[in-house]
Structures are given as C-alpha cells and as structure tokens.
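> For reference, the chains in residue letters:
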Amino acid sequence: MLLETKHLTKRFGNKIAVNALDLRITRGSFTALLGPNGAGKSTTMNMLIGLSRPTAGTIIYDHHAKLGVVFQGSVLDNCLTVRENLQIRADQYHHVPADRVATLSQQLGLTNFMQQRYGTLSGGQKRRVDIARALLNDPDVLFLDEPTTGLDIQTRHAIWTLIQRLQRDRQLTVILTTHYLDEADNADHVVVIDHGCVLAQGTAAEIKIRYAADILTVTTPDVAQLIAQVALQPTHQTRSQVTFRLATMQAALDILTMNRPLISNFEFRPGTLDDAFLALTGKEMR
Amino acid sequence: MLAMIKRNLLLYFRDRSGVFFSLLGALISFILYLVFLKQNMLTSWQRVPHAKLLLDTWLIGGTLSITGITTTLTSLSLMVNDKEKHVTADLELTDAGPFRLFTSYLCSATIIGTLMQAVMLIIMWGNFYLTDGVTLGSSTVGKVLGLMVISSLLATMVNAVIISGVHAVNTLNKLGTIVGTAAGFLVGTYMPIGILPTFAQDLVKFVPGSYVAALYRQYLMAGNLKTAFAGNWIARTHFEQLMGVRLNWSTLLTHPETYRIMGLILIGATALAFGPVWVRLHRQHQSIQER
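Chains as they are written, first to last, in the UniProt record's numbering: chain A, 1 to 286; chain B, 1 to 291.
Watch out, some of these pointers could steer you wrong.
In silico DMTMM-like pairs for lysine to aspartate or glutamate, Cα to Cα no more than 25 Å straight-line [as the list claims (entries may be wrong)]:
| no. | chain 1 | residue 1 | chain 2 | residue 2 |
| --- | --- | --- | --- | --- |
| 1 | A | Lys126 | B | Glu84 |
| 2 | B | Lys6 | A | Asp99 |
| 3 | B | Lys174 | B | Glu84 |
| 4 | A | Lys126 | B | Asp15 |
| 5 | A | Lys6 | B | Glu84 |
| 6 | A | Lys66 | A | Glu146 |
| 7 | B | Lys6 | A | Asp138 |
| 8 | B | Lys83 | A | Asp152 |
| 9 | A | Lys66 | B | Asp15 |
Since the hints were made in silico from the structure, they are not lab data.
Next comes chain A alone, as it looks inside the complex:
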C-alpha cells in the first residue's frame, strides 16, 4: 500500500468538505477521484499533498514517497520561457540530475517550444509543460487535479495517452480528479465522491454493474398492451415507444422474448458510468 487515509476529514467552519474518507492506493495503480463540482475532490488532494491540514484523520505514505502535482490552474510563469520555468523549478530540488530538464523535454515532446515563453503556448502545450514540471523530481505518485478541463478532445486524448504511458513505463502511481466520466472509465480504481463522502469505489466495470441500470427501449404498435404485460413500471413512454430501466441484461431478454409479437423494434443500451454517476450523485446542479 503506497498511500492510505483513515477517516480523513476537513471542515471549513460548519461546512464539512471531506467527511471521514478512507482511501487505499496501491503502488503503480491509477485512481480516479470522480465527483461533481464541490464534492471535495480538490480539498482531498490538497490534504494528500500536504498543502492543507486535515481537521481529523490521518494520511500514511509508504516511506519517503516523492510527490509530483499537476495543479488545476497554471502555476508556471508566463513571462519566462519553458526552459527557464523548468530549470528554475528543477534547481529547487536537492537531487535532480543536471540533464533532467533536457530528458523530460525529449520524452514529453517539448523540444520545439523550449525557448518560447510559457504564456504564449496553447492549452495542450501548457499542460504538457505542467506535467513535465510535476515529473522533475522523479515522483512515486503523480497527482493531477482535473488535468484536461478546458482542453479540446484531441488534446484531451493526447494528454490522457501520455499519462497512461507514464504510468506504464515508470510504474508511476497516478491519482487524478476529474468530472469527465470517460476518463475515469480507463482507471484501475474509481472512487466516486460527493459531499465529502465516498459513495462508491471499485473498477469502472464494477461500479457500472452495481449502480448503472441498463436501458431498454421498445417500439410497439400497442403501447397499452405491452405495459400491461410487463410487471415493471416503464420509466418513459410515448405513443409508440416504452422505456424500461433494468438491473440486468437478462431481464431485457425476458421482456423481449415474452412480448415478441408486440415488438416492432428495440434498442438496448448497457448502463454507462454517466448513469452510475447520476444515480449516485443525483441530477441536481451544483
């Protein structure tokens, strides 16, 4: 176990931002903290990296774990070049080899804009530099706080591939917060948080099975009769279509075979992480 929290709690006045959070992160794993805005993701991360002090509870790291952090916003200097930014940060660590900046810029594909000022880079280039900065001290754990927010799909994919490659090649433990569900889908371990509490955790597949209903939509010439023959309440109906939410695919097959003569067409969609997320956190906007 690389990192463990026990009853991690953070209170701001009367408001509880993180409520008795128990996390277990294994070495080399990829964990996604998933939650709506204001769920307590960033507060949790700030405590894990030591920037804010928990009100109660403990955080235990395996001996001397080195941390790398990619913050939500840019923390590098716009007026300095990429090279200056990285070199200045590198010089603030004790044991960073002299060629570290050059090596990282090669590996992360920054060589073309090393002399350019950070402020003039595109969003995707900036993020790559931010990641390079987080890797300067060759960390054991890489924290990323919503690393792809505000980027276009192509860039998101590129950043995502990069993070996965880093995890694989360097045996890096990755912990990221996100509200993009497709990103969490790729993680080994998904922790769904809301109001500072863990609502569910496991692999994306496990969470989907447990919390996301499958959706069956049936097109029929006789809506009334179909509804009468199925024991389940439909979640939605129009003049020609009826929609059911089902716990398993088997239930859908039963409905389809038993009412075969009534069905002119159907669509079956397995539950997604979106469904699980909405089922867990509700549809209310924050």
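Given chain A, put chain B in place with the hints provided.
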C-alpha cells in the same frame, strides 16, 4: 534559493513597463520639486551660501529613500501574486521550503531596491550636475551606495510586515498607491520636516524611511554644509533640524544614533516579518505520516 532569486529578478525586469512605472513613481517627487518647489525654496534660503547645491542634494536624499520604499514594495507584490495564483503551493512542494522561499522574496526585493536607487541617483545627479554643477566625491558615493543596500533592506522588511496581511493583488495595488502618495510627505521629501505642524513632525519620526533620508542627506550634504555654515553652529543646527538632515528626538540625533535606531527598527521588522512564517512552519509539520 538562488534559483528563486533569479526567477524573481527575471520576472521583475522582464516586465519593462512595470520597471518604468516603478521608476516614474519615484521620479515624481523629483519632477515636482523641479517644477513647483525649487524656486520657492531657493527664495527663502537665498541668504545661505550654496543654497542651490544644498537643496539639490537634500532632494536627492529624500527621493532615494522614497525609491527604496516604493520599488521594494512593487517587487514584494510578486509574493502576493504567487500566493493568489497558487504558485506558492507549487513552490512549497519543492525542497526549498517556506522559510527559504520567503527569504528569497526578501533578497530579490532588496537587490531590486538597491539597483533602482542606484539608477535614480544617476538620473538625479546627472541632471543636477548639468544644471547646477553638483559634484560628489568618491568616498561620498561609496557611502551612499552602502546606505542604498541598508535602505532597501530596511524598506523590504518593513514592507514585508505591512503586506503580510494582504492576500489579494488588487488590495496590494491600492496599498501601493497610498504608500507611493504618502511616502513623499512621510519621509519629509516634498516639504521640509521643520515647517510641518508638531503632530506631523512626530508622525514623520515614526516612519523608518525618514531616518534613511536623514542619513542620505548627512552623506550627500556634508561638504556643502561645511562650507555654507563655516563655524556657525547655531545656524547649521537650525538648518539641519528644519530640513530633516538630523531628526530631533529630545536632542538632534547624531549619525551613529540614527544608525542605531535604524538597526533596532530592522531587527524588529525582521522578527515581525519572519514570525508568521515560523509559526506556520511549526503548525503545518506532521500532518502526513510515513511508514
């Protein structure tokens, strides 16, 4: 720490317009003096020999003190900016630690304050050399350069204490405007301290910059004071008190006394500036355990 100081200096000097306006803020008292005050003050001191040279060097002293205050404040605004933009959070993840980070901001502010005072000295001296023939001996210049370092160190510490409660750049900018405007009066540059009402005179004595201005004037005006008031001690003392060359506690402060007071202010400000960092450092420790 050297890397951080380099960063702070790069950020300050790469912002050309920022440097320009920082200098302009200090130049303002100089320009105001030339346009509005010089003639008036010369008229009232026309019986004093070398009045022109005395007044020119008097102004240089006051302006250098203001420069120290305003430029170090501008430079320290980077610290507030970093806090606001969470850059500090990133910097504190490195091996540098809060203590060294804070020190690096203070060092770079002191360096910037010293350099900017040197630039101001060159501008003002150059101008007065051309118009009034002001000359300064090499030993005077040496002493003045040394005082520049002390002046910026003191201004940096005092400013660091003032801004320790400021967390937003917006607030700091407003504070900067107030300090910039008030500094000229508070260190007795726009008006000689002697013609101010008693309350204002006492107020001036509470401002560290006044002692810096007094020391600058003692160095810069020494030669001209000697020739202007040859042997006439009463007139000289009166002039020194009126113009803030020596500040009046129960008696007029001597040169070493002024230095001692500045030293005490410096120690006090250093303690006040570092105190909160020290407290925070000790509280933040040990929230994360290691196996």
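> Taking the hints in turn, state whether each one holds.
Results for each hint:
1. For the proposed pair Lys126(A) and Glu84(B), the alpha carbon gap of about 20 Å is at most 25 Å, so the pair holds.
2. At most 25 Å may separate the alpha-carbon atoms for a hinted pair to count; Lys6(B) and Asp99(A) meet this at roughly 20 Å.
3. A distance of roughly 16 Å separates the Cα atoms of Lys174(B) and Glu84(B); the hinted pair therefore holds under the 25 Å criterion.
4. For the given pair, Lys126(A) sits about 21 Å from Asp15(B) by alpha-carbon distance, which is consistent with the 25 Å threshold.
5. Between Lys6(A) and Glu84(B) the CA atoms are separated by roughly 31 Å; this puts the pair beyond 25 Å, and the hint is violated.
6. Using a Cα cut-off of 25 Å, the hinted pair Lys66(A) and Glu146(A) holds, with the two alpha carbons roughly 20 Å apart.
7. Straight-line distance between C-alpha atoms of Lys6(B) and Asp138(A) comes to about 24 Å, which keeps the hinted pair within the 25 Å bound.
8. Annotation: proposed proximity of Lys83(B) to Asp152(A) is violated, straight-line Cα distance about 29 Å (limit 25 Å).
9. Proposed proximity of Lys66(A) and Asp15(B) is contradicted: the alpha carbons are some 35 Å apart, above 25 Å.
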